[in-house]
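Trainee: Given the sequences, and given the hints that come with them, work out the whole structure.
So the sequence lines, in the order shown, correspond to chains A and B.
Under our numbering, think of the first position of the first sequence as 1, with each following residue one higher.
Under our numbering, think of the first position of the second sequence as 1, with each following residue one higher.
Simulated from the structure, these hints should not be mistaken for lab results.
Remember, it's a predicted structure, so these values are computed and weren't measured experimentally.
Just so you know, even glycine gets a beta-carbon here, dropped at the ideal spot from N, CA and C.
Careful: at least some of the hints might be erroneous.
Stated by the list, open to error - Pairs of lysine-lysine residues, derived as DSSO-like cross-links and limited to a Cα-Cα distance of at most 27 Å, are as follows: (1) B/K19 / A/K38; (2) A/K26 / A/K58; (3) A/K26 / B/K119; (4) A/K38 / B/K84; (5) A/K26 / B/K84; (6) B/K84 / B/K19; (7) B/K119 / A/K58; (8) B/K19 / A/K26; (9) A/K38 / A/K26.
Unchecked claim - So, partial list: chain B residues that the calculated Cβ filter (under 8 Å) puts toward chain A: (10) A20; (11) V23; (12) P25; (13) W26; (14) T31; (15) L35; (16) E44; (17) A72; (18) Q76; (19) L82.
To be verified - Selected chain A positions facing chain B (Cβ under 7 Å, derived; list incomplete): (20) L33; (21) N40; (22) S47; (23) N49; (24) D52; (25) T55; (26) V59.
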Amino acid sequence: MNPQLVEEIIQLLIAGGPVVVDFFLKIESLLNLGSDAKQNIANAIASANASDQDTINKVGAWMAANGFVAKVSFVLKPA
Amino acid sequence: MKLSVLVLSLALCVGCIHKATPVTPWERATTDNALFAQIDNSVEQGAESVVSSGLVSAQTMAPVIGWTGQVATAHQQITAILAKGSSLSAADYTTIQALLSQIQASGNALVNSGSLSIKNPKSQQTISADITALITLGNALLSDLTALNIPPALQGASN
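Mentor: In structure tokens:
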């Protein structure tokens, strides 16, 4: 990896603290693949599903806690 | 340079997905797809965080948080299509394209509303820039899928 890129990442991690470190580690784990392509694909699919479900759950909880009507059941329809 | 820009650079750079053997087109597509979901999740968490810290009102961030939920819901459909693997058809590609197009249109509308210049503590860049990064990643995903040559041949499909 480009040394300048590494330096910039380190500076961001220092500046951002634990929340950015957590985010970066998740991203890094996504970008480091094992040798088994089939397993990598399965892991990536599972990761996407887990992230999306977590987002939907958090949005629903936040909307309810703040008195908004959650519209997370809204589905974008293909044209 | 901000973290999400770095992340996108990593994701879009062929050599930056680390693997001992060559990365297949399917691995690239599904990895970018997972990255898309992770960044959407980080936008949601960041938007909640700026409300919790009192920097902006819940009323201001509600459209952003609602949008991330809608994106996640639509993205679940995209992931379900990708999970079909080698049975992915041209119609599936068109569906994914349409879903991403709608995510991009609604994301651009949100950015153009002009009230999202606050920094997301999760990504260390503005919420507006996060949404733009997500849109860019959607385009990268479409490019990945184009590389799969749908139809007739699906290169490297192994699931």
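Trainee: So, for every hint listed, does it hold in this structure?
Mentor: Quick rundown of the hints versus the structure:
no. : hint           : result
1   : B/K19 / A/K38  : holds (13 Å)
2   : A/K26 / A/K58  : holds (18 Å)
3   : A/K26 / B/K119 : holds (20 Å)
4   : A/K38 / B/K84  : holds (13 Å)
5   : A/K26 / B/K84  : holds (25 Å)
6   : B/K84 / B/K19  : holds (23 Å)
7   : B/K119 / A/K58 : holds (20 Å)
8   : B/K19 / A/K26  : holds (17 Å)
9   : A/K38 / A/K26  : holds (20 Å)
10  : A20            : holds (6 Å)
11  : V23            : holds (7 Å)
12  : P25            : violated (10 Å)
13  : W26            : holds (6 Å)
14  : T31            : holds (5 Å)
15  : L35            : holds (6 Å)
16  : E44            : holds (5 Å)
17  : A72            : holds (4 Å)
18  : Q76            : holds (5 Å)
19  : L82            : holds (7 Å)
20  : L33            : holds (4 Å)
21  : N40            : holds (5 Å)
22  : S47            : holds (4 Å)
23  : N49            : holds (6 Å)
24  : D52            : holds (4 Å)
25  : T55            : holds (4 Å)
26  : V59            : holds (3 Å)
In summary, the structure is inconsistent with hint 12 from the numbered list given earlier, while agreeing with all the others.
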